[in-house]
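Oh and the sequence shown: position 283 is 294 in our numbering, straight run, nothing missing.
Source of the hints: derived by calculation from the structure; they are not laboratory data. These numbers come from a predicted model, not from an experiment. There's no promise every hint is true.
What the hints assert, rightly or not - Computed Cβ-Cβ distance ranges for the label pairs, DEER-style:
{"#": "1", "residue 1": "Ala21", "residue 2": "Ala194", "range": "39 to 49 angstroms"}
{"#": "2", "residue 1": "Arg29", "residue 2": "Ala331", "range": "35 to 45 angstroms"}
{"#": "3", "residue 1": "Gly285", "residue 2": "Glu312", "range": "39 to 49 angstroms"}
{"#": "4", "residue 1": "Arg29", "residue 2": "Asp134", "range": "40 to 50 angstroms"}
{"#": "5", "residue 1": "Val14", "residue 2": "Pro71", "range": "22 to 32 angstroms"}
{"#": "6", "residue 1": "Ala35", "residue 2": "Trp261", "range": "20 to 30 angstroms"}
{"#": "7", "residue 1": "Ala211", "residue 2": "Arg29", "range": "44 to 54 angstroms"}
{"#": "8", "residue 1": "Glu76", "residue 2": "Arg217", "range": "30 to 40 angstroms"}
{"#": "9", "residue 1": "Gly218", "residue 2": "Arg58", "range": "40 to 50 angstroms"}
Note that beta-carbon positions come from the ideal geometry of N, C-alpha and C, so glycine has one too.
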Amino acid sequence: MLVAPDDLSAETVLETVRAHWDDAAHACAHVPKGAGAHHWAVSGKHRPRWFVTADDLDTPTREDELRATYDSARTLVEDGLPSALATVPTAGGETGVLVGARLLTVTPYLEGESGPGEFADDDQRALVARAVGALHAAEAPPTLLDWVPGPPQRDDLLDLLGRLDEPWESGPYGDLVREALRAEAPLLRDLLARFDTLAAAAVARRGTWVPTHGEPHTANVRWTAAGPLLLDWESLRRAPRERDLRVVLWGADGAEPLSAYCAVTGLDPDAIDGDLVELFELEWWLWETASYAVRFHAEHEGDADDARFARSFLDEVVPAVRAV
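All chains, full assembly: derive it from the sequences and hints.
Okay, here's the thing in structure tokens:
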């Protein structure tokens, strides 16, 4: 997030890291990046050491889900998955520390930048496809949660689709988002019905599910001399492999990314299911729609994060929903 939270200061984050991870931590600064959690860089006397993430606990089960997910990612790394950066446990062996209504976790700080989300070319796609293939070929840890057909916040979206005739006076962008939703409401209901049909087929084949990252675009990749490292394991789930392949393989110019993936997994290319690729394309854009609808129906001030999210909804999400 671009704007630091009012209720969690850099000083509190630094004190938490000192108490639970690194008593020699020296300084802390908010990192204005990302579109969900808040982040800070924590340094020693001479250089950054740790990258701290604060995930909001916005549902009753969120903390347990996050702990199980981050534990699973760390198990995969400990079992030999080479292309993943997992969280570091506390000195007491815990996955993270609860601070107010947020879970703080720590990963090693890596120099450099992640990508913009889009792949530059098929060479990049092939490198990430190989990393994703290694994940899909790994044994699922016992703590790994199953993907649950949603999309997330589905009930909230359906509720808000019934609240489009009255102004959303929740903040400067409420009515702008409401009008865009009203124009797309019939299409969104049709897409939810299509999602349900495809999700039922996916659940019927649960025995073929594998560990999946969920968001293996380049914004969640750090490029190193040894190859790409996958970051941000919050969305790790056992699911159809197409959950990741819709990101990595679809849109490729040639066959190199598919070949790289199949070389690692041994999968027959014909086994990739186009209907399941569509399922996860639908899930992504319906989830995006729901999250923006919820955000702008609620009270908001119109800060820098609100402005960029409103623009993203109008310029990216709405056209993508029309094109699914």
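Kindly confirm whether 40 to 50 angstroms is satisfied by the beta carbon distance between Arg29 and Asp134. With a Cβ separation near 42 angstroms, Arg29 and Asp134 satisfy 40 to 50 angstroms, so the hint holds.
Holds or violated: the 20 to 30 angstroms window for the beta-carbon distance between Ala35 and Trp261? violated, 46 angstroms
Range hint 35 to 45 angstroms: satisfied by the CB atoms of Arg29 and Ala331? holds, 43 angstroms
Honestly, do Val14 and Pro71 meet the 22 to 32 angstroms range at C-beta? holds, 26 angstroms
Given a hinted range of 30 to 40 angstroms, is it respected by the beta-carbon distance of Glu76 and Arg217? violated, 19 angstroms
Can you let me know if the beta-carbon spacing of Ala211 and Arg29 is within 44 to 54 angstroms? holds, 50 angstroms
39 to 49 angstroms as the expected CB spacing between Glu312 and Gly285, which holds or is violated: About 43 angstroms separates the Cβ atoms of Gly285 and Glu312, which means 39 to 49 angstroms holds.
Does the Cβ pair Ala21, Ala194 satisfy 39 to 49 angstroms? holds, 42 angstroms
Distance restraint evaluation - Gly218, Arg58, Cβ atoms, bounds 40 to 50 angstroms: Holds: the Cβ-Cβ distance is about 47 angstroms, inside 40 to 50 angstroms.
Taken one by one, the earlier hints fail for this structure at numbers 6, 8, listed in ascending order.
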